[in-house]
Amino acid sequence: MIEVKNIAKSFDGRIVIEDVSAVMQAGQCNLIIGSSGSGKTVLQKCIVGLFEPDAGEVLYSGQSFTTMERDAKTEIRKEIGMLFQGSALFDSLNVEENIMFPLSMFTTDTHKKKLDRVNEVLERVNLKDVNRKFPAELSGGMKKRVALARAIVLNPKYLFCDEPNSGLDPQTSLVIDKLIKEITIEFNMTTVVNTHDMNSVMEIGDYILYMYQGRKEWEGSKKDIIFSKNERLNSFIFASEFLQDAKDMRMLELTGKIPNIRNMDNLTGGNNPAI
Amino acid sequence: MTIFNDIGRYLLMIKGMFTKPENHKMYWKEFIHQCTEIGFGSLGIVAIISVFIGAVSTIQTAYQLVSPLIPPSTIAQIVRDTVILEFAPTLVCIVLAGVAGSRIASELGNMRVSEQIDALEIMGVNTKTYLILPKIVAALLMIPLLVVISMALGIWGGRLAGTAAGILSTSMYDKGLLELFVPYNVIFALIKSYVFSFIISSIPAFYGYYVKGGALEIGRASTKAVVVSCILILFADYILSALLL
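First to last, the protein sequences are chains D and U. So in numbering that gives the first Met the number 0, the last spot in the first sequence is 274, and the numbers never skip. So in numbering that gives the first Met the number 0, the last spot in the second sequence is 244, and the numbers never skip.
Keep in mind that the hints were calculated from the coordinates and are not lab data. Glycine included, every Cβ here is placed at the ideal spot set by N, Cα and C. Careful, some of the hints might be misleading.
Unchecked claim - A short, non-exhaustive set of chain D residues, derived as facing chain U with CB atoms under 10 angstroms:
id, residue
1, S86
2, A87
3, L251
Turn these sequences into a full structure, and let the hints steer you where they fit.
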């Protein structure tokens, strides 16, 4: 479990995040959503320790990460895996070496054992025959899967994903989302995902934190989103008419009515089950 | 004020390098990799430059020594001392600032921009120790070796040009090389090459490690690293010459 308490961060006097608190449970996909510049990446970087917050603290399983000594932080970091927006694979290493890197750095396992583990995680992310390929030879989706394999190779307790679907087609995005969800449940990880992909929100979001201009605007489950009356959240998530229709259809399905003034006949094509 | 800010961050970066390695084997592997990149990667250009520097020095010295009272073996003495004292350590290190320095800056800059450094930090690796220290230690080992090779090749190049141009015979050149030889000059050249090696590796590492932005900024950081390294090499050359000669 990760607890974020009253985190604040500013750069050159400009407040980027202010007074953000959240509790992210193990075995769940915790999503941080918000439009570009809302502070979600900075918040995630504060949580993993890449940025030092100006105020507040982050607790990993009850231990204050913010005030920890460097050595203790290193121990916690060995339990963290992160999937970066651009994959962040080491260009000079091939796929096998990339995934093996954390094992070589932090374990004393034999080469055979490490290789077995590499093949195991590659299989887990549904990749075959790519061991000798270099990052430049992989597609965007494959890079993400290799990065995910590297992130989970040490069996981390915490998994962070920064925009895991950026630059991917909807089908590949779905594959990555499902992988993240499956891995989270399988290894009971506390997963924190930064995204503005609404498919991801509805597909994998167990807990959703909506950021608006550096502040926590809303939090809840994906079911709560359907019923949310927060205008900023609604205009962000259901930005297009298509998504608004989808939301209303879902609400109709769940409650038999829609709470706005839209024409239900038009929405359902005259087959409104509530009428 | 930026310059003081940069000096402060540079000193903190140097201080941050000295932590216990997470895994000695991985650090050794990285050190050997850097030795290969810096040492063997620059050997070709150093060899070519050194031979031509020696050759040109011989021809130009002979051109200027017009008095019949000065024996031709003096040319070899002048070439030897010029190559050992200045050309091999300073000129080669300025070239290396361009070759190895820009490579270090762009490698680290690319790793920073593509979040590879962040990925290492998240894993719990001290990136200053893992990425910068092996480069500096490798430079401190390989660059003085390159300078020694450069001295030998420069003197050999002078011998070759002297004979080819009919300026002086090989026996005369060899005789001149042994006359009035001061071994301290070699020690002085090595001291200079150690100082320059530190500049060539640490300054580009600083500019590359702290780069912000994208591909354009990597290029800018790389250029700035080479320019600052060259200026510092020339400044250090003057200070060391004033203090040690």
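Check the structure against each numbered hint from earlier and tell me which ones fail, lowest number first. Hint check: 3 fails alone, others pass.
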